[in-house]
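Q: Given only the sequences and the hints, what does the whole structure look like? Please build it.
Protein sequence lines correspond, in order, to chains U and A. With the numbering used here, letter number 28 in the first sequence gets 34, and the count goes up by one each step, no holes. With the numbering used here, letter number 28 in the second sequence gets 34, and the count goes up by one each step, no holes.
FYI, nobody ran anything at the bench for these hints, they're computed from the structure. Check before you lean on any hint, since a few could be wrong.
Copies of one chain are not kept apart here, so a pair can be met inside one copy or by any two copies together.
Derived DSS-like pairs (lysine-lysine); straight-line CA-CA distance at most 27 Å [unchecked claim]:
(1) LYS129 <-> LYS36
(2) LYS143 <-> LYS212
(3) LYS82 <-> LYS212
(4) LYS124 <-> LYS36
(5) LYS91 <-> LYS146
(6) LYS146 <-> LYS171
(7) LYS171 <-> LYS212
Protein chains: 2
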Amino acid sequence: MKNKKIPEITIMRLSTYSRILNESLEKGEKIISSKGISTLTGVSPDQVRKDLAYFGEFGVRGIGYNIEELKYNISKIIGTNRNWKIAIAGIGHLGGSLVTYPGFLARGFIMAGIFDVKNIGEKYGDLYVEHIDNFEKIAKEVGFDLGIIVVPREVAQNVADIMIKSGIKAILNFAPVMLEVPEHVEIKNIDLSMFLEILSYYMSLKHNEI
Amino acid sequence: MKNKKIPEITIMRLSTYSRILNESLEKGEKIISSKGISTLTGVSPDQVRKDLAYFGEFGVRGIGYNIEELKYNISKIIGTNRNWKIAIAGIGHLGGSLVTYPGFLARGFIMAGIFDVKNIGEKYGDLYVEHIDNFEKIAKEVGFDLGIIVVPREVAQNVADIMIKSGIKAILNFAPVMLEVPEHVEIKNIDLSMFLEILSYYMSLKHNEI
Numbered sequence: 007m008k009n010k011k012i013p014e015i016t017i018m019r020l021s022t023y024s025r026i027l028n029e030s031l032e033k034g035e036k037i038i039s040s041k042g043i044s045t046l047t048g049v050s051p052d053q054v055r056k057d058l059a060y061f062g063e064f065g066v067r068g069i070g071y072n073i074e075e076l077k078y079n080i081s082k083i084i085g086t087n088r089n090w091k092i093a094i095a096g097i098g099h100l101g102g103s104l105v106t107y108p109g110f111l112a113r114g115f116i117m118a119g120i121f122d123v124k125n126i127g128e129k130y131g132d133l134y135v136e137h138i139d140n141f142e143k144i145a146k147e148v149g150f151d152l153g154i155i156v157v158p159r160e161v162a163q164n165v166a167d168i169m170i171k172s173g174i175k176a177i178l179n180f181a182p183v184m185l186e187v188p189e190h191v192e193i194k195n196i197d198l199s200m201f202l203e204i205l206s207y208y209m210s211l212k213h214n215e216i
Numbered sequence: 007m008k009n010k011k012i013p014e015i016t017i018m019r020l021s022t023y024s025r026i027l028n029e030s031l032e033k034g035e036k037i038i039s040s041k042g043i044s045t046l047t048g049v050s051p052d053q054v055r056k057d058l059a060y061f062g063e064f065g066v067r068g069i070g071y072n073i074e075e076l077k078y079n080i081s082k083i084i085g086t087n088r089n090w091k092i093a094i095a096g097i098g099h100l101g102g103s104l105v106t107y108p109g110f111l112a113r114g115f116i117m118a119g120i121f122d123v124k125n126i127g128e129k130y131g132d133l134y135v136e137h138i139d140n141f142e143k144i145a146k147e148v149g150f151d152l153g154i155i156v157v158p159r160e161v162a163q164n165v166a167d168i169m170i171k172s173g174i175k176a177i178l179n180f181a182p183v184m185l186e187v188p189e190h191v192e193i194k195n196i197d198l199s200m201f202l203e204i205l206s207y208y209m210s211l212k213h214n215e216i
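A: And the structure:
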C-alpha cells in the first residue's frame, strides 16, 4: 500500500462507502456485498470491487465484506482513524456554516482555531474568533493539521502563505482563486458552483437529445 | 458531441478551466496555451489537451486557444450558456450561506425559491422563505430547474420526492444520506467532509512514507 498512488476519485468513493457502512452498522448489519454497496451508492459492483482491491483482499467471495472490518480498513487508508486539527480563516456566511458543520466532527475533524480580521472575540462553540495576525503564534500552541480558507479572493493567497509558514500541510480552499502552494503542501480548491455545473451538464445533455 | 458520455471528472476540470479563462479575460489576455491552463490549474498539459479534445479542435497547434472562444465552447458544453432556476430547501447555517453564495449567480444559477418549515416569510435578497408544503404550487409558477437540499437527513427523501413530483430534474444534496431518485433525475450528493478526507488521505500517505 505504501507509496501506491490511488486516483482521487477512488478516495472520494471510499469516503462514500465509509459513510454507508456507518449507516449499515447503525442498522445492526454485519455483512455487506459489493452489490449491496453498489445499491446504496449508485457505483457499479465492479467498480466497488476494483476500488477495494487497491488495498488487498478484504472480502470473502460469494459472501461479502465484514462491515466493521471494511470500515476500519477504509478509515486507515483515508486517515480518519485519527483526529485532525483544523484552522479556519474567514467567518462569513459560508465560513460560519463550516465551523458548525456537524459532518466534520463526526469524521474526526476537530475545529481548533477560527481566524478573521473582524468579529474578533466572537464565540463559536468553544472557540473565539482570533485575529489572523496571531495565526502563527496560536498554531505553535495548538498544532493545526489542516487549514480551511473561506476569505475573499483578494486576500486568499496571503492567508495561505501564513498557514503554510505556520506548518499547515493541507488546505481546503473555498476562495474562487487558484492558490500557489509549495510542493509539500496539498491543496484542494472547492467551488460549490462546480457541482451545479455538473448537473447543468447532464441537463443540457438530455435537452440536446430531445 | 451528442450522446457522448464524458467522465464527470472531465466536466469538473472543464468547470475549473472555465473559471481560469474568466480570470485571464479579466486581465485582458486573448490567447492561452494548454501549458498556460496547466500552470494555472495544476492539471498536466496532456490532460488539458485530452479534456478539450472531447469536443473537437478548439486550439491552434503551437499557438494556443482563443480564450473567448474556448470559454464560450465550454459554457455550451456544461450548459452555463443559459440560466438555471434554483429552489433551495433548508435555510439553516449551510443553506443560508448557499442562498447568498456569490459564485452561483456569477455562473448563471439564479436563486428562485427558498423553502423550509420554519422562519417562513424571512427575507433573503429578493426572496421570502416559503413553506415546503407550497413547493409544488410555487414550482408551477416559477418553473424550477434545479433543487438544492440542505435539510436534516430524516426529511431529505421526502423533500426530494416533493421536488421531483414538481418537475425538478436535478438535485444537489447536502444531507448526509443517499437519496433514491428515478432514473430521469440527476442527483449529486455532496458531503463537505469528503474533501477533508481527501486531504487526510494525502497527509496519511506522507506520514506513512517517513
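Q: At 27 Å max between alpha carbons, let me know whether LYS91 reaches LYS146 within a copy, between copies, both or neither.
A: within (13 Å within a copy, 47 Å between copies)
Q: Please work out whether the CA atoms of LYS143 and LYS212 approach to 27 Å or closer within one copy, between two copies, in both situations, or in neither?
A: between (54 Å within a copy, 25 Å between copies)
Q: For LYS146 vs LYS171, is the C-alpha pair at or below 27 Å within one copy, between two copies, both, or neither?
A: within (11 Å within a copy, 54 Å between copies)
Q: Evaluate LYS171 and LYS212 at a C-alpha cut-off of 27 Å and name the case that applies: within, between, both or neither.
A: between (48 Å within a copy, 19 Å between copies)
Q: At most 27 Å between C-alpha atoms: does LYS124 with LYS36 qualify within a copy, between copies, both, or neither?
A: Neither way: LYS124 and LYS36 sit 49 Å apart in one copy and 39 Å across, limit 27 Å.
Q: Indicate which option fits the pair LYS82, LYS212 if close means a Cα-Cα distance not exceeding 27 Å: within, between, both or neither.
A: between (40 Å within a copy, 13 Å between copies)
Q: Quick one: LYS129 to LYS36, C-alpha cut-off 27 Å, is that within a copy, between copies, both, or neither?
A: neither (42 Å within a copy, 47 Å between copies)
When each numbered hint is compared with the structure, violations occur for hints 1, 4.
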